[in-house]
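4 protein chains.
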Amino acid sequence: MADEATSIADLRELVARFVAARDWQQFHSPKNLSMSLAIEAAELMEHFQWIDIAESRRAADDPAKLAAIREELADVLCYALALANELNLDLSAAVRDKIVKNAAKYPADKSRGRYNPPAPD
Amino acid sequence: MADEATSIADLRELVARFVAARDWQQFHSPKNLSMSLAIEAAELMEHFQWIDIAESRRAADDPAKLAAIREELADVLCYALALANELNLDLSAAVRDKIVKNAAKYPADKSRGRYNPPAPD
Amino acid sequence: MADEATSIADLRELVARFVAARDWQQFHSPKNLSMSLAIEAAELMEHFQWIDIAESRRAADDPAKLAAIREELADVLCYALALANELNLDLSAAVRDKIVKNAAKYPADKSRGRYNPPAPD
Amino acid sequence: MADEATSIADLRELVARFVAARDWQQFHSPKNLSMSLAIEAAELMEHFQWIDIAESRRAADDPAKLAAIREELADVLCYALALANELNLDLSAAVRDKIVKNAAKYPADKSRGRYNPPAPD
Numbered sequence: 005m006a007d008e009a010t011s012i013a014d015l016r017e018l019v020a021r022f023v024a025a026r027d028w029q030q031f032h033s034p035k036n037l038s039m040s041l042a043i044e045a046a047e048l049m050e051h052f053q054w055i056d057i058a059e060s061r062r063a064a065d066d067p068a069k070l071a072a073i074r075e076e077l078a079d080v081l082c083y084a085l086a087l088a089n090e091l092n093l094d095l096s097a098a099v100r101d102k103i104v105k106n107a108a109k110y111p112a113d114k115s116r117g118r119y120n121p122p123a124p125d
Numbered sequence: 005m006a007d008e009a010t011s012i013a014d015l016r017e018l019v020a021r022f023v024a025a026r027d028w029q030q031f032h033s034p035k036n037l038s039m040s041l042a043i044e045a046a047e048l049m050e051h052f053q054w055i056d057i058a059e060s061r062r063a064a065d066d067p068a069k070l071a072a073i074r075e076e077l078a079d080v081l082c083y084a085l086a087l088a089n090e091l092n093l094d095l096s097a098a099v100r101d102k103i104v105k106n107a108a109k110y111p112a113d114k115s116r117g118r119y120n121p122p123a124p125d
Numbered sequence: 005m006a007d008e009a010t011s012i013a014d015l016r017e018l019v020a021r022f023v024a025a026r027d028w029q030q031f032h033s034p035k036n037l038s039m040s041l042a043i044e045a046a047e048l049m050e051h052f053q054w055i056d057i058a059e060s061r062r063a064a065d066d067p068a069k070l071a072a073i074r075e076e077l078a079d080v081l082c083y084a085l086a087l088a089n090e091l092n093l094d095l096s097a098a099v100r101d102k103i104v105k106n107a108a109k110y111p112a113d114k115s116r117g118r119y120n121p122p123a124p125d
Numbered sequence: 005m006a007d008e009a010t011s012i013a014d015l016r017e018l019v020a021r022f023v024a025a026r027d028w029q030q031f032h033s034p035k036n037l038s039m040s041l042a043i044e045a046a047e048l049m050e051h052f053q054w055i056d057i058a059e060s061r062r063a064a065d066d067p068a069k070l071a072a073i074r075e076e077l078a079d080v081l082c083y084a085l086a087l088a089n090e091l092n093l094d095l096s097a098a099v100r101d102k103i104v105k106n107a108a109k110y111p112a113d114k115s116r117g118r119y120n121p122p123a124p125d
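Heads up: the protein sequence lines correspond to chains A, B, C and D, in order.
Under our numbering, the first residue of the first sequence carries the number 5, and numbering increases by one thereafter.
Under our numbering, the first residue of the second sequence carries the number 5, and numbering increases by one thereafter.
Under our numbering, the first residue of the third sequence carries the number 5, and numbering increases by one thereafter.
Under our numbering, the first residue of the fourth sequence carries the number 5, and numbering increases by one thereafter.
Keep in mind the hints are simulated off the structure, nothing from the lab.
Beta carbons: idealized from backbone N, C-alpha and C, even for Gly.
Errors might be hidden in some of the hints.
[To be verified] Only pairs whose alpha carbons sit at most 27 Å apart, straight line, appear in this in silico BS3-like list of lysine-lysine:
# : chain 1 : residue 1 : chain 2 : residue 2
1 : A       : Lys-114   : C       : Lys-114
2 : C       : Lys-69    : D       : Lys-69
3 : B       : Lys-69    : A       : Lys-105
4 : A       : Lys-69    : C       : Lys-69
[As the list claims (entries may be wrong)] Simulated coverage check for chain C against chain D, where a stretch passes if three residues somewhere in it have a Cβ under 8 Å from a Cβ of chain D:
# : region
5 : 13-22
6 : 95-102
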């Protein structure tokens, strides 16, 4: 996978250059980018709107469907990277911090197979 | 920035281990994850709901606000990574392919400062 | 049901008075209201994020859960009404026109039990 | 306006008949309908994605744009009505209850021109 050899900074740079070459920073306010993220997430959802959960797990078996989903997920990621660029946020650090916080909220031994946080002791 | 030294695969692995330790793959169907992405994107939007575009650009100046935004963006990314894990998609390749496609749709010389695709020749 | 005796205009008026009493028209631009609608729709989705389709049909059996869903749906409706007020749109006419358009796109005899539009003749 | 002469129940009935004629109740689980609402809300947002707040207020001046917005808003409303049908919720009562609750959270005299709830006394 290219994901092994690609840093988050590599993808950020790719998006930053695309945006700069079109002078699109003027449109890339955090407000607008947050809308764009939500719009692309909704386009991703459209592929799963009417099918049930089991069928959604089989989406990867249909190459045409998977290609369409892959493209929507790329759009989501592009806007996430653009927003990180705009706000100068270190995404890797943000993800690591959030995983640490979630690990405290959902201790593994009390959260196995349960999606709700356990009651406090 | 940690983003320089962190590969996409590193973050995917971090998310995959968190999910596996809680036996949460059962909840992580593509349908559910697409909803989760949209929900987190909406939580990110909430920070910009009532402010104007100029004010949204100043969000980075307020440390408390920026920390809250950073956390929502991390949530978005975690679900994007979880969905890539679930569907076994190479995110870096997907982003690169999408940038190539968008570069054809929005040629730099005809898209400078315009967010609509140019009319076909 | 109060829905029998309440006109769309009655609810619009209720929302308009609430907004005017707080001098909130200044926040109620169409851009902001479209974000608000999406945010409330996402809060509604949260109630169904991790459960399967059959379980979501049983949501109405749990009074506490149903009350929470009802409140989120009310929020969605309030913003839809606020946007109609802002843009001076006749919602009933808009819904009727859309149903007519959808009836042409999804002819009943060719759409029974199928969510995709039929292929054109 | 037709909104003066149309009850919420009238529109609910219109949607219910459309759905029943196509045997679509099978797709109209609350989970799926909540996704549909969010998807349509996002399509509405698309019209305001890159423009600023002042420009969004002028959307009503452009008949083609207004017609497109009106159609997306109708879609949002149709799914809200379909969900109310599915869960057997009285929408008018839900909206009235929510307005009462919001009036307590945002007292008019302390909320004039401010979108945040006032600090508790």
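For each hint, the structure was consulted:
Distance hint between Lys-114/A and Lys-114/C is unfulfilled; the C-alpha atoms sit about 50 Å from each other, more than 27 Å. Proposed proximity of Lys-69/C and Lys-69/D is contradicted: the alpha carbons are some 38 Å apart, above 27 Å. Note on Lys-69/B and Lys-105/A: the hinted pairing holds, with a Cα-Cα distance of about 18 Å set against a maximum of 27 Å. Restraint check for Lys-69/A and Lys-69/C: not satisfied, since their Cα atoms lie roughly 34 Å apart, outside the 27 Å limit.
For the region 13-22 of chain C, the proposed coverage by chain D is satisfied: 7 residues have a C-beta within less than 8 Å of a C-beta in that chain, meeting the threshold of three. With a cut-off of 8 Å between beta carbons, the region 95-102 of chain C has 8 residues touching chain D; three or more are needed, and the interface restraint holds.
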